[in-house]
Structures are given as C-alpha cells and as structure tokens.
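J.: Listed below are the residues making up each chain.
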Amino acid sequence: MRNYLFLLVFVLIGGSIAAQEIAMNASEISAFKQKVISTAKSTNSIKADFVQFKHLDFLANDVKTSGKMVFKAPNLVKWEYTNPYQYSVIFKEDKLLINDGGTKSKVDIGNSNLFKKLNELIVKSVKGNMFNDADFTVSFYKVSKHYKAVFVPKDKKIANYIASFELLFNKDDAQVHEVKMIEPSKDFTRIIFGNRVLNSKINDSVFSN
Amino acid sequence: MIRFSVISLSLVFSLTSCSLKTTEGLRPIDLNEVAKLNKVVENLYFSNPEIDYVYKAKIKVYNKNFGGILIVKKTGPENHRVVFTTEFGSKLLDFQFDGDKFTKNFVVEDLDKKFIINILRDDFKLLITEKSDILETFSSEVHNVLKTQSEERFNYYFFEKKTGKLQKIINTTKRKEKVEVNFTSTEKEIADIISIKHNNFKLTIDLEKFKKE
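As you go down the protein sequences, you meet chains A and B in turn. So the first sequence is numbered by our numbering: it starts at 1 and just counts up by one. So the second sequence is numbered by our numbering: it starts at 1 and just counts up by one.
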C-alpha cells in the first residue's frame, strides 16, 4: 500500500514536472508580443548555426542535418545546409535561388505551390514576428526557460500538411531558439538555433547564387 | 554490289535493333550449372531492418532539378517504408510496400498524379526487392548476369565476379531497356551511391548516402 502511495505521489509530481507548460494570460501575451516585435525591429541582421532533426516514427534515429542561416533586414534570407551535404536556398524577393551541391536553379515563388510555402514558413519564423499571420490561430505558453507560441493553420489545405507549428523564444532576448513543425501523422521537424550573432555587417553578395 | 551491302547492312541493323542490348556479348550459362549456385537473386542493399537508409536525392526531370532526402526502412520481413522529404523536412511522399501490396500513405498534392506515382512506385520497388527467382543466367568477363521476371518486364542483375557486389540492375521489356540502376558500394550490403536512369523519358534520380558522423 505504501508503495502504491509512493508511486501515486511520484506520478503526480512527475506529471506536474512534465506539464510545466502554462498558458499565458492576456497581459503576458501582449507584453511578450511587444518584446518580440521591438526585438525584431532593432534587428538588422542575424547569423546563426542550426541543427535540424527530422523525426519519423519508423526510424531508429532522427535524420540530422545542420548548417548556417543568415538574415538581413528587411527580407533577405540564406539558409545553408553544410552537413552532411551542401545545399543552400536564398530567399530573395519572389525568387528562390537554390544551390544543390553545385547544381544551381531558380524558382519563382510568384506561382508558388504549397510545399515551397512550407519551406518559406520556416524561414519566416527565424524572425519570429509572424503573430499577425491571418492563416494561423496562435496560442502562447510559458515553459521553463522559454516562451512558446503554437500556430495552428486555419486553412484546411495547409492543415493537410501541418497540424501545428511551434516556436520557442528565449525569455531573456525574445529571439527564436527552436522551430518545430508537426505533421498530421505526428512526425515532426525540429530546428534548433545556436551561436547567434545579431546586427553584424553582412554583405549583399552573400545573397547571390 | 553497293545495293546488296546496303540491304545487308540495313538487315543487320534491323536484326540487332530487335534484340535486347542488355545481353549482347554475354555468354548464356546452362541453368543446370546454375542449379549448383543459388536459384534466387538477392539484392541486399535495403535488407537490414536495423539500418535507417538515408540518402540525399537529386532528381532531374527533363531540364528541371529537384532535391530532397530519401529515407528507406525495412519494417518487416516483406515490408519497407519509403519516404521522400524536402531538405527542410517537409514530407513529399510516403510509400509503404508490404509484399506485393502497395500503399500510398501520403503524397503532396503537386506530385499526386498517377503517372508520377507509378514511376516512383516501380523505381522504389526495384530498389527494395530483395529476392526474385532466376529465369536465365549469363556471364561476361567481369559480371555474372541473372535475369528475373517482374510482371510484364524483366530485370537483369549484374554482379561483379571478383567481389560478388551487385553493380547494376537493368529493367527491360522483351526488346528495350527501360530503366538502369547503378550502385557504387564500399561495403557489400550498403550502396553509397545509386543512380536511376530512365531511357524512355528524361528522368534521372541520383542518391548519395548520408555519411556517418
């Protein structure tokens, strides 16, 4: 009996540790949004390393790739995988400039299809400032060291591809720490940023293929 | 005389164009002789259920290039999952092969066309098929060539004599080569580089295995 009690207490405490995610109240949300928006405004450039994990339920290990990301205000982004292969995409105006291990191509996003939009979404989230995107219902949570924003697509077509989209923000500087894209099948892609450098001078030539 | 040689030339040409290029110059081997060897052909490149087979993929259709990640896993004795994602991780397609049963778990709208699905299904099926019965066997200086049947078509498996490694599969009709798959491997059961080339239209799929960290 004592053992059961012990187990019950353990489960309850364990449960509360796991459920450290607390919904933010209205004033917290508005303060948080303000902070993200003002941070985004004062950010002219971001350089960061990232590690990406693709989780598929049938695999023994997540598929791991990594690389570098460069953002220059207002809307230039270079997303570059360096390990285990070389692949980069530059988002420039309404074009995607792709360099796939030396094979270069250009894609017009003017007549974009859905999966290019999905890729775009990840890049947009680098800045974090996408709370007013009309395509999503957003909810906010506090987790130990981070704030979490969960985006659920309103559009049924998008919902076929993404169940939800989560951004983790550092509490101190309101920068995006992690992006997680969860598919309806529960498989997900997680991207974690590190070695972030803000407002360094970045030459425009970085964004040409 | 000139007319004769033109006729004979064109005759030779038309005769050779009727026969399958794949077996040209190969020496047929008596099946009794083969009986001493295996009766089935084995492709072990996707046969280990412990391994997550992950490849960087480059696809070229006519003059368009696409990239992505191809993931293959043996999930049961006769079962394979084949998933293709973008570099960013978005799933483009998710196929399941259970013996002869094929299931399309997911396909992104832009790719969900019968013509495309059938080609990719057949290509992936060719890659993951582990065992097939041998119909005929041939030999060249460097290769043992084993012919198998695959529905209306045939597959020719080229094994390097020296190493026993599977180097090439050619998928044919009675007269024409349709698909050619080349393997480069350092270990016998792991293909480092795979290239799939279609002969009836301009489609190539190049796969390069993720390096171990």
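I should point out that these hints are in silico values taken from the structure, not numbers from a laboratory. Treat each hint with caution, since some may be false.
Covered by chain B, according to a simulated footprint, are these stretches of chain A (three or more residues, beta-carbon under 8 Å) [stated by the list, open to error]:
id	stretch
1	34-43
2	50-56
3	88-101
4	178-187
Straight line, CA to CA, 30 Å or less: simulated DSSO-like cross-link-like pairs of lysine-lysine [said to hold, decoys possible]:
id	chain 1	residue 1	chain 2	residue 2
5	A	64	B	58
6	B	113	A	106
7	B	211	B	131
8	A	95	B	131
9	B	21	B	58
10	A	106	B	64
This structure is a prediction, so every number in the text was calculated from the model and none was measured. Ideal Cβ placement from N, Cα and C applies to all residues, glycine included.
J.: Please go over all the hints and tell whether each is borne out by the structure.
T.: Do the hints match the structure? See the list:
1. 34-43: violated (count 0)
2. 50-56: Since 3 is at least three, the answer is holds.
3. 88-101: Satisfied; 4 residues make the cut.
4. 178-187: Since 4 is at least three, the answer is holds.
5. A/64 to B/58: This hinted pair holds, its Cα atoms lying about 18 Å apart.
6. B/113 to A/106: holds, 24 Å
7. B/211 to B/131: Distance ~27 Å between residue 211 of chain B and residue 131 of chain B Cα, so the pair holds.
8. A/95 to B/131: With a Cα-Cα distance of about 46 Å, the restraint between residue 95 of chain A and residue 131 of chain B is violated, given a limit of 30 Å.
9. B/21 to B/58: Judged against 30 Å, a Cα distance of about 27 Å means the pair holds.
10. A/106 to B/64: holds, 10 Å
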